[in-house]
Every structure is written in C-alpha cells, then in structure tokens.
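Asks: Sequence:
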Amino acid sequence: MDERFIIKQVTKTELDSFEDFASEYFKYLNDSLSSGSPTCLAKILGLYQVTVKHLRGGKEMKMDLMVMENLFFRRSISRVYDLKGSNRARYNPDTTGKDKVQLDMNLLETLRTQPIFLGSKAKRSLERAIWNDTSFLASVDVMDYSLLVGVDDESKELVLGIIDFMRQYTWDKHLETWVKASGILGGPKNASPTIISPKQYKKRFRKAMTAYFLTVPDQWSS
1 MDERFIIKQV
11 TKTELDSFED
21 FASEYFKYLN
31 DSLSSGSPTC
41 LAKILGLYQV
51 TVKHLRGGKE
61 MKMDLMVMEN
71 LFFRRSISRV
81 YDLKGSNRAR
91 YNPDTTGKDK
101 VQLDMNLLET
111 LRTQPIFLGS
121 KAKRSLERAI
131 WNDTSFLASV
141 DVMDYSLLVG
151 VDDESKELVL
161 GIIDFMRQYT
171 WDKHLETWVK
181 ASGILGGPKN
191 ASPTIISPKQ
201 YKKRFRKAMT
211 AYFLTVPDQW
221 SS
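Under this note's numbering, the residues of the sequence shown are numbered 1 to 222, in order.
Straight-line C-alpha distance at most 25 angstroms; calculated DSS-like pairs for lysine-lysine: (1) Lys199 with Lys27; (2) Lys156 with Lys100; (3) Lys121 with Lys203.
The hints are simulated quantities; they were obtained by calculation from the structure and are not laboratory data.
In this text the structure is predicted, and so the values were computed from the model without any measurement.
Work out the full structure: start from the sequences and follow the hints.
Replies: Below, the structure written as structure tokens:
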C-alpha cells in the first residue's frame, strides 16, 4: 500500500444518505473538473460491501467501506486541522504527536502568534472553491462537513479539502440542533451549535473560512 487512497468504514445511515445524492455528487465533480471550476471536495472513488467469514463457525460479517483520495499523499504534513467554522466543542487539548488533529479553536489560538497568509490569487481561488462546494452541498441538504487542512512546512503550502459530507439533514439532526442550541446537555446557550440547517451551515462555514486565512499581496508572497 502506498497510501494514495484511504479506506473508511461507513455506517448504514451514511451509506443510505450518500446514495440519495451520489449521482448529483459525481455529476458536480465531473462538471467542475471539465470546466475548470474551482472545487475542494474530496474525491470519493467508490463504495463497497466487504464480507468477512470467520474460519471457525463460518459466521459472516459485512462491512460497508468507502474508498477516497488521500489528500496528504506524498506530503510532509506537520499540522492538521479539521475546521467546521464553529466554536462549540471545537478544541483539542491534546495536540502532541504527529497525527493529532486540531480543531477550530486550536487554529484560532495559533493564529494569534502564527497567522496563515495566502496570496490574493490563492485566497480568491479558495473562496471560489468553498463557495461552489457549499452551494452544491446545501442543494442536496448536506451539512456538518469539515475543511481538512494540512500544513506542509517543506513546500510552504496548505493542502486542503472538504470531507465528511455523507450525512444529510434528517430528523435526527433537527433534534440534535434543538438540544445543543437549548443548552440542555450543558455548554453555553449563546455558542453556535455544530449541527444547524444546511443553509445556515453554508453561511457560517463560508464566513469562518474567509476569516481564518489572511490575504497578502501577491508580490509579497512570490
């Protein structure tokens, strides 16, 4: 295995949800790549059901697996952020170790002393990709996705892509939104919940990603 691809087990709920808009997803990606329209949606390459049979007893176990691109293939990534544009439960206190994933509040903490700058062209391209992708995801009732960001210190580049977009806004997500917003299970009531409607999620996500990455003139970044 050369780590070009990632294999991830998915739940039946995720599988059923993705099947509802899979044709739209592949059409959107094909149209974007054909027209050169910016997109940062991670590429899903296939969904498979694998049956594992135990040698003793012959009992079978079925697993649904998703194969997707590894955004960090052949990259030297020093820090990884999973960003949703929310401040509720978005801090990882344990960031030691190479594979630790940091969250929104970790990034905001780091930006105080180590801001992330993008050239104006790169910033415009990122904003267009996020605008396009979030418009598509909202159109198929998807929310709770993340922007996965890897910092490649060797090449001085950011490697990023939108991931975790298999769940649609169903009744259980409506309930989770209400519970989190009410503060019944703890946490401040005025903190924005991580689960909101697709339209609200799109707006919050766009606003946060624009704010996270600062712009410098291209002549300064060359």
